[in-house]
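Join the two chains into one complex using the hints; note that each chain is given alone, in its own frame.
Chains as they are written, first to last, in the working numbering: chain A, 63 to 325; chain B, 162 to 412.
Keep in mind that a hint or two might mislead.
[Unchecked claim] The following residues of chain A were derived to be distant from chain B, with all beta-carbon distances above 12 Å:
{"id": "1", "residue": "96"}
{"id": "2", "residue": "116"}
{"id": "3", "residue": "157"}
{"id": "4", "residue": "215"}
[Said to hold, decoys possible] Partial list, computed: chain B residues near chain A (C-beta under 10 Å):
{"id": "5", "residue": "214"}
{"id": "6", "residue": "307"}
{"id": "7", "residue": "310"}
{"id": "8", "residue": "326"}
Hints are computed from structural coordinates only; laboratory data are not their basis. Backbone N, C-alpha and C define an ideal beta-carbon position, used for all residues, glycine too.
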Amino acid sequence: MAGTVITITSGKGGVGKTTTTANIGTALALLGQKVVVFDGDVGLRNLDIVMGLENRVVYDVIDFVEGRCRLRQALVRDKRAAPGELYLLPTAQTRDKSAINPRQMVEVCEELRRDVDYILIDSPAGIEQGFQNALAPADRVFVVTNPEVSSIRDADRVIGLIEARGKGPAQLIINRLSPARVKKQEMLSVQDIVEVLATEVIGIVPEDEAILSSSNRGVPVVLNGKTPAAQAFQDIARRVLGQDVPVVEPQSLSWWQKLLGIS
Amino acid sequence: MVTIKGSRSGVVIVFNGSPSDSLAAKLGELEARLVASPGFFRGSEVVVDVRDAALEAEDLKRIVALLETYDVRVGGVLAQNERTLQNALSLDVALQPAKGRKSLKRAEEETPAREEGLSVEETLFVERRIRSGQVLRHPGNIVVRGDVSPGAQIIAGGSIVVWGRLRGDVHAGALGNRAAVVCALELSPVLLKIADVVSWHHRNASTSTGKPRRWLRELFSSASSVSPATAEPSIARLVNGEIVVTVWHCR
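If we strip away everything but chain B, and leave its shape as in the complex, we get (with noise of 0.2 Å):
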């Protein structure tokens, strides 16, 4: 009934399902996903797009209150139903029913019919610098084509592939899929995370010259240094429960 979306404006969340589901059971299925992929939503804005359901003021108030408490701010909401639509607009500045018609536009020419499910097998091309402070977030897997400054945050349903340097912080199967992998032709990410599990320091220990830009390295060390990050391009997964690390070599 809740279907988590990507797009190239952002993370659509949409509320399918036939018009007789009620919307608490719609709110028990979306706040189930919150509480499974934190990593993914915290902190993240979203469009909701509930549709054609007939829904009152009141019930929209109640999908982003579930949203806010999880710390994911309604960018807009998508309505059919005109009823629905002119509650959206009567209600206050959270709800810009207008970008969000927009952003409804823009996702149905990048997302064309294929919808239900977890579109996981969607992946966002991105080429350029991904600088601090910048974040990308996306439902399947995320292709960098550029270096990730630290600073940075990637986050992804999926898989993340750098074609470059990764120093910033990486999520990989943010949406709960352990069998999601990083790739980076420089794997020293900050904090890099698949599903669940987290790893500090991804490190180069190859490069403990002494010199002032192993400061850059190794900024955010800490003492538990799971496996040695590389210069050379590498791959992390999940391998018993813990991320494992394995240089590429090209034969």
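Chain A on its own, in the form it takes in the complex (with noise of 0.2 Å):
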């Protein structure tokens, strides 16, 4: 078995990079896979919090590529997401970008890739060493992006960078999409969008409240099913599985069909 790499980067920090990675991730393994969510920014990390799994990190990915630990007693198992088998990759909180290169960030995901089915690795912000890291392992690339005009500007920026590095075509991810403020025309459109950066949707996913209490609890959204946002990230599982799931632009509810309940 050699499983598949995907980082998921978006230039711009704030857009949902380790939510999203965290959510297709736990999603992935709810389908039944053997996944690892790998958190690739050094110094700041986060991906632990929003699983839910900070008091249970021991070792880390620098202790291993330092030769501290074996890379297996640096993953966490995550129990929640049976049927498959979901582990999380930390790492340092004390170091910075300059812990790991990207030859070992690629050592490490061979090791990985071994064993299990897919790989996430939680890109940083930003287009410096912490993405080249991240981006050295990649198979696949998901770029986040925001319906707000400087998200967008940085993704182009960054599937441009993916490109030039033979890492291409990255798959964009539209976080945050509001349906009501895109018919209001308040907010950019997922068609603005495309138009814009010329690149394949794997997933649109609309705003949720539920999605900032799951990230404080450390309880990614698809684990308790059925919010707006948990089901657009099963979607986006489901798409990386390779099956046929349409993309379609969420719509605002009329006064009438919140009435009836109907979704």
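What follows is the structure, encoded as structure tokens:
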């Protein structure tokens, strides 16, 4: 078995890379896959918190590359995501991006890939070494963007860098879309974004109040299933597995649909 | 004595002329070029081709220092003279003769024989989308088949033709050619320059619909809207020292 490495990046910070990584990883495990979510943000680690595994981290990937533990010892098992298997590979909070280089990232992923189906790397923001590290082992790259001009500009830059490194074509996740605000023409639509970025969309995640509390509690929304964002992440996971799930732009509900509870 | 050429690997500055020309004279001419066309050179990386000139390490350092004064990085030095080559090799990382030699080879493959004067007749044809942060720089004309995103830059010694939406920064005639033009199927650059004339905000005035898409187009809107840009095929040129945009109509 040779697993697939998917790097999740964005250029701009705060667009939802970590939440996206945690949820797609968890959703893939819920679909029966063996998955590692790998925190690529040395020195500013967050993935352990969003996954709710913060207090189970003993060793991290830097301990492994510096020879203080075996790779298996650094993996933290998340038992909530049955029937598949889900592991977190945490990074060091006390170090910086120079603690690991692209070659070591590739080596870590080569070792992981022998035993798992998917490795999802949560890239740091920016286009510097942390991003280069996260990109080096990637087979596929997902670029997360918000329906907002500055986020789209950065996504365009990052998509260009991904192409230049021969890692393209990247695929796009549009996060935090608010159908009601698109309808009121206060927010860029999916069509506007695609016109600028000319990149295949692999998922559209609507704005969802459940995300904030789920991130704070360390329970990815896909674990308790039915919110709009959870469904969007589950759809992305199915598309990753090659299932034919059409990408549709979420529509805002009219007052009578809300009244009747139709979704 | 100093020629600016384009190659697939970027801009090449060639020091030619007779061996009797002093280095000071060549540097003087290079500096005049740099002063005349700051918009073309600023922030660029060039290859310096010194031909068969015999230059000491000190001479090479002077060339590099002069270029750095004008914010131009030297990516490599090409030399046919063995002593000059050794001197280039002995210098620090700013000079990468190996890379330079490779560039020379490629440059010669793609720009055969014709070497005198500015090679503005050569056109760089690029068939891809130019994304934010990407820069195309060429002493001749540039043709792009694809969109040019906001945040991208195209700098040409000659004219710029975009078969697509032009929304980035463009500078035509960047080596001083005031007859250069900019054409695009949709001409809405953030910044448009021809030679030394700047025009901000070439936005499509007719798309003021209040739709969010307008944010993209008017993101950099400034008070002085010089001339309306259009979503129709258009051409920008200099008329009496001002940039004028005209829509191209198919009859």
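Tested hints:
no., hint, in the structure
1, 96, "holds, 35 Å"
2, 116, "holds, 35 Å"
3, 157, "holds, 27 Å"
4, 215, "violated, 5 Å"
5, 214, "violated, 35 Å"
6, 307, "holds, 9 Å"
7, 310, "holds, 5 Å"
8, 326, "holds, 9 Å"
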